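Enquirer: Model the placement of chain B on the given structure of chain A, informed by the hints.
One-letter residues, chain by chain:
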Amino acid sequence: MPSAASPPTHHEATIRVRGVVKHYGAVRALDGVDLEAAAGTVLGLLGPNGAGKTTAVRVMTTLLKPDAGEIEVAGLDAVRQAAELRERIGLAGQYAAVDENLTGAENLTMVGRLYGMARADAKARAAELLDRFDLTDAGGRPARDYSGGMRRRLDLAAALVARPPVLFLDEPTTGLDPRARLAMWETIEGLVADGTTVLLTTQYLDEADRLADRIAVIDRGKVIADGTSDELKDRVGGERLEIHLSDGAQASAVGAALAPMAAEAPFSEDGVVKLSVKQRSGAIVEAVRRLDEAGVGVDDVGLKRPTLDDVFLTLTGHAAEQRTDDDEEERR
Amino acid sequence: MRRLVTDTLVIAERNLVRLPRSPDLLLAFTVQPVMFVLLFVYVFGGAISTPGYSYVDFLIPGIIVQNIAFGGFVTALGLNEDLHKGLIDRFRSLPMARPAVLAGRTLADVVTNTLSVCVLLVTGLIIGFNFHASVGEILAGFGILLLFGYAFSWVFALLGLLVSSPESANSLGFIAVFPLTFISSAFVPVQSMPAPLEWFADNLNPFTIVVDAMRALWLGAPAGNSIWGAVVWSLAILAVFAPLAVARYRKTAALR
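Sequences listed follow chains A and B, in order. Under my numbering, the very last position in the first sequence is 332; numbers go up by exactly one each time. Under my numbering, the very last position in the second sequence is 256; numbers go up by exactly one each time.
Just so you know, these hints were derived from the structure itself, not from any lab. Only true hints are included.
Derived SDA-like pairs (lysine to any residue); straight-line CA-CA distance at most 20 angstroms:
#	chain 1	residue 1	chain 2	residue 2
1	B	Lys85	A	Gly148
2	B	Lys251	A	Ala83
3	B	Lys85	A	Tyr146
4	A	Lys123	B	Glu13
5	A	Lys123	B	Leu9
6	A	Lys65	B	Arg98
7	B	Lys251	A	Ala82
8	B	Lys251	A	Arg28
9	B	Lys85	A	Gly149
10	B	Lys85	A	Asp145
11	B	Lys85	A	Asn49
12	A	Lys65	B	Ala247
13	A	Lys65	B	Lys251
14	B	Lys251	A	Gln81
15	A	Lys123	B	Leu16
16	B	Lys85	A	Thr174
17	B	Lys251	A	Val21
18	A	Lys65	B	Thr252
19	B	Lys251	A	Arg80
20	B	Lys251	A	Asp77
21	A	Lys65	B	Ala97
22	B	Lys251	A	Glu84
23	B	Lys251	A	Ala68
24	B	Lys85	B	Leu16
25	A	Lys123	B	Arg3
Pair by pair, the computed Cβ-Cβ distance ranges are:
#	chain 1	residue 1	chain 2	residue 2	range
26	B	Arg248	A	Ser246	52 to 62 angstroms
27	B	Gly143	A	Ala82	31 to 41 angstroms
28	B	Arg248	A	Arg141	25 to 35 angstroms
29	B	Gly136	A	Ala120	35 to 45 angstroms
Coverage of chain B stretches by chain A, computed from C-beta distances (three or more under 8 angstroms per stretch; other residues unrestricted):
#	segment
30	1-9
31	16-26
32	86-98
All values derive from a computational prediction rather than experimental measurement. By construction, the Cβ of each residue, glycine as well, lies at the ideal position given by its N, Cα and C atoms.
So that you can see chain A by itself, here it is in the shape it has in the complex:
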């Protein structure tokens, strides 16, 4: 098996997606998606549940055929050269895909052999990966006894068996506790440092902010913005006024009181009102004065740099984690 043995060839390890459409019945899960990741970088695909992130990963990893559009990964066409492409990609998912009845070592050995490695080579590679992911002690135990974080590490290790130049990570930290999440981030950063190109989907804004070189914001099957984290923040405009109310019910009164100084309609949630202001200087003093005149009780007022949360809100008109309806694409 050439690809398992040969070192990754970074010059071709890029992702290029043009105008990809995928329907599930009447649902347009992907509605003309364009994506691009340069070799050795991380592209973050950011969006809420049901936005089409998983479908995008599935068409790029040859699990689904797109209805229209072009997909090129590692220099190979994902439809016409699907079989060759499978030799060059790794996929780790949200639902850690390990066989719970096999040990960690057996899982990795099985994957290695399915990549075409001889049994001894697959075993050696499994031991190497168990060591790298701190699973050597657990390697002889069935995966069903693993913690969530261990299982996710094993899943990621399985995706790396053939040293793929391109790695797809579908919500790699969903469901992990904060410590395991941080460990996973560090692992992913290590892979990128070694030259792997990563496409990562996430619904966590801080995750995209930390890991991704470029971020594509996806909503309802469309990329609605893309750029670096800073570029996206710039699109939202400068700093915003954040007002913590004593009484959340007064949020609408805030809108009325501050209308003259607001650059756009304010957004309020859980007793916190955010709005971008026309002029930064004197904004806090003016806001406090206006709110006082209107009889609105305030706990805290401040100017904040926009977060990716704000980016999402500005771009889509809804908060990133507000939509709780289940992934359309995953329950046809």
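Expert: Just chain B, lined up with the frame of chain A:
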């Protein structure tokens, strides 16, 4: 082609390695069929008249055929679980031979089926079953059993890929296969059934043909066309369901 063989063996090994670690599965292969043999022989045996044979002799080929048809349940449940756990996504993203996941599963079934046939035979021999056959005929009987069980594993493979949960695989499979095995010559002579059932059992039900073939090979009963019939039925089931299951696998996606 070489890839298909090695990938199939890797998957079959994966499914067999888990066996000793799943006591519930082992019970399903061993204790449960033995229990049914004992219940049938000692509870119903006295009430069922099987001219020309003792009930143990009559029953053993029948109950082994029923049992082997259900052997594929492991495939249906296992594949459905793989779909839910995302393992099918992983396999489909690997450069492995496409049919290997199914071929490996069904091949592992052949091993477990052999195990449960042996357990049932030993039980039968202990409680009085006698072969009236040459070694060749006994082995031919084994061959037909395993072929028929293998064909049924592909039916269950398709079922496991189609249904939404292991529970529905279980109940659908049970509803489809259980009556077929009972409205056949497996447990009672078909002449004792009401006319429409007798007609169905005699003319349409592959279980009757396979059970009759087993009695011909192991007990020296008149064979008629049953031996060739059993082989043709098995190959026909295989020819229909294996391509359907593989086609379904190619298009399938994870259930969540």
